[in-house]
Each structure stands twice: as C-alpha cells, then as structure tokens.
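Q: This is what each chain is made of:
There are 2 protein chains.
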Amino acid sequence: MRPPRRRASQSEDLVPEFWYNIVPDLPKPLPPPLLPDGRVPPREMFERLFAKSLVEQEFSSERFIRIPEVVRDTLISLGRPTPLLRARRLEELLGTKARIYYKYEGVLPTGSHKVNTAVAQAYYNSIEGVERLSTETGAGQWGSALSLAGALFKLKVRVFMVRSSYEQKPYRRVLMELYGAEVVPSPSRLTKAGLSVLERDPNHPGSLGIAISEAIEDVLSDEKARYSLGSVLNHVLLHQTVIGLEALKQLEELGEELPDYVIGCVGGGSNYAGLAYPFLRFKLSGRRKDMRFVAVEPRACPSLTRGVYAYDYGDTAGLTPLLKMYTVGHRYRVPPIHAGGLRYHGDAPSLCLLVAEGLVEARAYHQTEVFEAGAIFARTEGIVPAPESAHAVKAAIDIALEAKRSGESPVILFNLSGHGLLDLQGYLEYLEGRLVDYEPLEIDISYLPKVNV
Amino acid sequence: MRPPRRRASQSEDLVPEFWYNIVPDLPKPLPPPLLPDGRVPPREMFERLFAKSLVEQEFSSERFIRIPEVVRDTLISLGRPTPLLRARRLEELLGTKARIYYKYEGVLPTGSHKVNTAVAQAYYNSIEGVERLSTETGAGQWGSALSLAGALFKLKVRVFMVRSSYEQKPYRRVLMELYGAEVVPSPSRLTKAGLSVLERDPNHPGSLGIAISEAIEDVLSDEKARYSLGSVLNHVLLHQTVIGLEALKQLEELGEELPDYVIGCVGGGSNYAGLAYPFLRFKLSGRRKDMRFVAVEPRACPSLTRGVYAYDYGDTAGLTPLLKMYTVGHRYRVPPIHAGGLRYHGDAPSLCLLVAEGLVEARAYHQTEVFEAGAIFARTEGIVPAPESAHAVKAAIDIALEAKRSGESPVILFNLSGHGLLDLQGYLEYLEGRLVDYEPLEIDISYLPKVNV
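These protein sequence lines map, in sequence, to chains A and B.
Residues 1 to 453 in the numbering used here are what the first sequence spells out, letter by letter.
Residues 1001 to 1453 in the numbering used here are what the second sequence spells out, letter by letter.
Be careful, since some hints might not be right.
Restricting the straight-line Cα-Cα distance to at most 30 Å, the calculated cross-link-like pairs of lysine-lysine (DSS-like) are [as the list claims (entries may be wrong)]:
| no. | chain 1 | residue 1 | chain 2 | residue 2 |
| --- | --- | --- | --- | --- |
| 1 | B | Lys1097 | A | Lys154 |
| 2 | B | Lys1154 | A | Lys404 |
| 3 | B | Lys1154 | A | Lys97 |
| 4 | B | Lys1154 | B | Lys1097 |
| 5 | B | Lys1028 | A | Lys169 |
| 6 | A | Lys249 | B | Lys1169 |
| 7 | B | Lys1028 | B | Lys1249 |
Far from chain B, by Cβ distances over 10 Å, these chain A residues were calculated [said to hold, decoys possible]:
| no. | residue |
| --- | --- |
| 8 | Ser9 |
| 9 | Lys28 |
| 10 | Asp73 |
| 11 | Gly180 |
These are calculated hints, taken from the structure and not from any lab test.
This structure is a prediction, so every number in the text was calculated from the model and none was measured.
C-beta atoms are modelled at their ideal positions from N, C-alpha and C, and glycine is treated no differently.
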C-alpha cells in the first residue's frame, strides 16, 4: 500500500487571491511611527519614499487586501505555490511522535521568500509611473530578489551593496547584474552620505546603515525613483502572507488540523510573519488559544529575547521615523555571524507587539548549534537550509525532542525560508569546526530618542 | 478573468510507478558493449562493479520497469514531481507564436536532475548488502547527488574529485561532505593509479579519466563496495525517464497535445534521454512521426555533430568495456568550457543509435551565445540556468525564432535540468565579456580499438 502523502500538491489554485493584514486583528492598536519630536510623520513623507499603494497598505486596517492578478500570475510563474512537505526522515532520526512539516521557499528563483514582496513592490511602483527603484543589501538576498522583480516589470534597479560583501561575495552581485540591476559598492561617490564616509576613510568596508542612507538620499534626489525595503514594514509582511495562506490549505490537504507550533527565524520578521500571521488569526480570535508561535533569532543579536520594547530608528543611521519595537539599539554592533539576514537591531512592529502581549514567544541560538541543525536537516531531508532558515530548523528539532520527553505528539510547522547553496562558506567553517559563537554584547539604549521618556 | 494556466500542478500522483525502457522500442538492436578483443564481456564483470539489479536493468528488454515504492516515495520527498512551466514572458520577448514549455529539475535539493538516478542506485545497492559506493566527479554535480542518496540509504560514499575542481570549487566539496561523503582529491595516494600519476607529477591537476580509474580500482579492492555512474549507461537513462513521464501528464493537464520539439543538452545523455524517451515512443511507434527531437552540445566537444559512430572506451583512461557511440575519441582534450557536465568525449549508446537513425537531431553552440541565452532566460523567467541547461535554452530560443520567421506556432518543450546558482563564475565572465569560445579540436580517432575495423 501507498505510504501517506508527505507532500502537498502545488496547484495554482492554492495561491491566495487576497493577502491577510493582521493589523485589525491585533490585541492592541499598533503604535504609529513617530518623529524624534513625538509627532506622527505626514503621509507625504512616506509617499516621497514609497509608491502610494504601498503607503496605503502600510496604514491599512482592511483585514484582506486583494492581490492584483498580474502579481498573482507572476508569483505563480516564479514557482508559487511553494511545496509543503513532511520531514518524515527527520522525525524518524529524532524518534519523536511529533509530525514535522515545513514550507519550502527555496524553490523560488533567487532561493528565498524575498521575491514575494519584491514582485508586489515592483508592480505597484511600475503602475504609478516610477522608473527606478533604489535599495540597500547586505549579503545580497534582498538585492537579488528586487533585481529580478525590476527585470520583470521593466524598472531600473540600483542596489547599494555593503562594500565588504560586494568584494567578498561577488556571486550575489553577479546574480543582481545578471538581472540587469546596477550594483554600487557602498560607501560610494554617488551620494553625499557615501562621499563623507570615504573622505574620512577611503577604504571603509561599509555597513547596512550607510547603504540605507545612500539609497534614501539617492531616491530623494530623483523624482522618478522610489525606495524599496525587504522587511520590517507592514506592507512587506502583508505581501509575505501568501506563504501561510498556502500552508493553511496544504496542511488541510494532508489531513492535518491546525499546527500546535508555528516556527520561523526572525531578522526583520517578514518570513516568519508571512507564515505565522494567517495561523495567528485562529489564536487571536480565540478559536485555538493553545497554538504556540515561536520566533527564532541569533544569540549574537537578541532583540526579541533581550532587547527593550521602545521607539528606535529603523536603520542604524537614524534617518527613518522611529518605530516601536524590541531593539538592542540601532548602535548595537552586530557580530559577524553567517546569518546576515538576521543581523538587524530591531524587528517588525506588529511582531514585537505580539511578543509584548505574550502571543508569540522567542528563542535564541548560537550559530554552531544552528549549523549543526542545518547539517542534520540536509542529511535527512536533503535540502541545505540557509543559515537564517537553519535557526527555524534548530527550534523545530528542539521542540520535537521536548515532545518526545513529555510523550506528546504535536504538529510542528516551520518556514524553511531559503536554501543555503549560496552560503556554503558557513557550512565549510562548521565542518572544519571553525565557527565562532558570539555572546550577546551589552545592550546600552541610553541614547534612544526621548519619545521613550 | 483568470489568465490561462502557466504551470502544471505537482500532485504526487504525477510521479510514475514505472520507468520507461526505450531499448525494446529502438529501431535496431542496441550494439552490445565489447571487450577490445571483440568478445562480449561476461555479466560477472558488470556485477563486480554494479549492483545486480542495476546490471539486470542495464540489459533488460522489458518496456516498463516498476519503480520500487521506497524509491518513488524518496523522490517525492525530495521534490518530485518537478514543475512544468510555460515561458510566457520569454515568448513575448521573442514575439513568437510558439508555445514554450520547460521542465524544471533545479528544484531538487542538489540543484539538478542527477539525484533521480542517485536515489535508485543507492537503494538497489543498499538492499543488496553493499556498504560503500565509490564514484568520480568533475565539477561536483554528480558527486553531490550521490552523496545525498548515500546519506538517505545509509551507504558510505567516496568521491574522487578532480583535484583542480577540488581546489578551485570548494563549495561543491562542502556540499558532498555536508551529506557525509568522503571527498578525495584525485590523483590520490589511495590507489595505484593515483600514486603512479603523483610519482610522475606531485602537482598533477587530475582529470576525470584518472578519477574514474581510481574509483574503479577502489571498488575492485573492496568486496563490500560498488561503483556508481551518473550518465551514459542504460540503467541511468532509465531512472531519468521520470522527467518525461511526468512532463507527458503535465502537458496534457495544461491542455497541450504532444510537443512538436523536445530539446535538451547532452553530456552523457541522461537528462535529455530522461525527458525525451517517453515522448520518442510516439515517434518510434509511428503515432507522431513529425515530432522533432533536438540534442544540444557544446561546439568545443561536438561528439554528436562531428564525432564518429564507433566503439570507444567509456572513460578517458580506457578501463571500461567499449561502447558503440558517437565519439570525438577518448583522448580528445576537451577545452575548459564552463559547462563541465558536457565535457564528455562520447554519448549514451541508445541516444547515439537514435541519432544514427535520424530520429534525433543534434545542434552545437559556443558558450558565449549559450550564456547569453541563459541571461535572457534569467531576465524573463527568473531562473538562472546551469551552463549545461543553458544550451537547451539557446536551442529553444532559436527554434522559436525560426518558427516566427516561417509563421508557425509549434509547441516547444525543453529540459531545464538544473539552476546555475553554483555556476555564477561563468556568468561573471559572460557579463565582463571575458568568455572564450573554443573551436572544436581536430578529431583523430586513428587510435580507436580494432573492433572497429
């Protein structure tokens, strides 16, 4: 007889026609962005940076927002719906009765979930007459996703890439250039921000903060250009909910009720929110109060587990409005862990509110144990997880083992947000026992703006 | 209204329960392997190298061979069925009325189709009590697929990796080691073959020929070990037919009749045969005589377009039995093109017979035009093709443009056998205009064994 299905189908019909906006379902109103003087920034300020439709979504209180047909069709052409699989061999290895499922976003062209919002952002900018998008990227995941989306919607894309990554990780740059994007090593001579840094130090390695400053200055100096962000903001998380909305239907197809645990790694929060928010609805509405939601972060950058819930800048340069979030402070010097996508000082405001209200719990891990979990997953299920996604794998394994000890058999769902085929350097260091585990640095937030007082 | 479906579903039911063996349907009997003295080698010789079940498949005349449930279930757990997509944006860019479909094998964990046979080979070896598999790999595609399969079926795997690749392409090695395989730079000190080379030149860069010699010697010196091959042989091509069998059902689901063109790149022939053979049945049986089958190879190694149809060794070292195939001669020094998987002096005997009978036609391209096609595909469909697969993309584009000129609207199907995320060096050189196009070398086959006389 046939073994039980281990993989949901991937019919186009599984791709939702609406995004889910969690804001109206939050237990408390979402604290608004603020200016350092405590005022709420004017709409115009956001509309100068982002396409109007995206600003509308950013502040929308509609529970469901229709996905434009072109966006939905494009996502389908790029590989949505993505697979939902059961990790049977991992279950067997762990000897757990837990049923472990994972949603796999790595089948998308750039190897991660980032393209889900890149496509939506490029689409809205293109129909609003924007000609060019500017953004920053660290290791290059976000930059390559936006470069692809720009190619599909005929938008010029300029990516300010942190110079150290630009020089040490040429392949992500190649990928962006292959998609037709202009990749500028930051600090650059294209902006005042970049120039001032280079004047002080011509060999400055760059930072995400400087790259953000350059991208924003670049946009403000070009009427036809807009800025694009890969995480943190409400509209970005909104676009990622296709992940969880597909997973809801796919789990049902595999004969499962709602999962007992929903797990994901958190940098800015977009891949986790994308999977978790459509499931969180059931907890927020009281239908499944017992569901547990686990956000996983690196111990080296422990905003959710050790940060303070306060207003801080979204960027390390202090250019953006202030956002209420769990933060280690925008001046926190994040240690050079391999999971570049998790090296962010704060987290998405909506996710932080849910953590503050005790609806989402957080865990933090060292990178050695995370890469070990990634290796275990590769040897059992075949896929090499991205270092970021391996954080979710580690938590899923721990929770499955806890269930084994307590004799329970929960349904565990986690987001495998990307593959690690472009991150094998970290696995090389893991195999050679060369990985460094960084303890959290001291968290000093005394310099945070006075709106917190 | 909804745009027409551009993507077939991926229900588990689409994965076939039988492999298709083309041998009994060939227009002529397949010329048997021969020893240099003209004798047919004894079964025992093959059974010392390969699992018995695989030798049985190698010489089987059964049209359909059942896929063991465990193998089928494992393939499903790794991502089968793979997607079949319509390349609408590419069609629009070309302004062709042709409908272009592609089967995408790059969603599998190691990024290519290779795992389809690796899983089957590991399974049969494991149930026959084999404890270790030994093989060779150039760039590492095959080595990583077999390493993964070994991890899934608890077999030790030793991969002799051409030293130059071992040193220049550490990431494929990392992938193999991550799956638990032992990767040995070849020439090595583990075998007489390796030692003799190192005695002459301690810094020898190695070659596929030497690596094969080492793997075979390694197997012959260990009763519990067997050899594993990633292409060329009948049983390998047989295992790859899951690709075409899925595509048959998926095209039907998208409302298409049989395609007019079936295209694929050819190194040893396994990814092309995997897609094409289930469709070739309809041509061989006379039901669709007009279907055209196009095998694409690099001009730098033009076995099908310029080689001779003769008995030659399967390896460059001259250790294997002789196979009747189109060959440029096993001493041909293949120029260092980026498509490492196509740098083979011969081709699968069954495919060569079909070319000799005029049932499959061949085309050859330079790598610059191939990478250009790959870049066009990346910018329209999003996926960066592996350099090997980009050969198929180039032919599909050419055929679509020919159709445009002749006012026809054929259905074109090609195999996108893998993604290029681990081959971005080639695209880097393409973007910088540094790619070298190598003219075919002179083909001297005067040294071929006398069985040809």
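Q: Decide, hint by hint, whether the structure agrees.
A: Checked hints:
no., hint, in the structure
1, B/Lys1097 x A/Lys154, "holds (22 Å)"
2, B/Lys1154 x A/Lys404, "holds (24 Å)"
3, B/Lys1154 x A/Lys97, "holds (22 Å)"
4, B/Lys1154 x B/Lys1097, "violated (50 Å)"
5, B/Lys1028 x A/Lys169, "violated (53 Å)"
6, A/Lys249 x B/Lys1169, "violated (41 Å)"
7, B/Lys1028 x B/Lys1249, "holds (28 Å)"
8, Ser9, "violated (4 Å)"
9, Lys28, "holds (39 Å)"
10, Asp73, "violated (5 Å)"
11, Gly180, "violated (6 Å)"
Consistency note: the structure conflicts with the earlier hints numbered 4, 5, 6, 8, 10 and 11.
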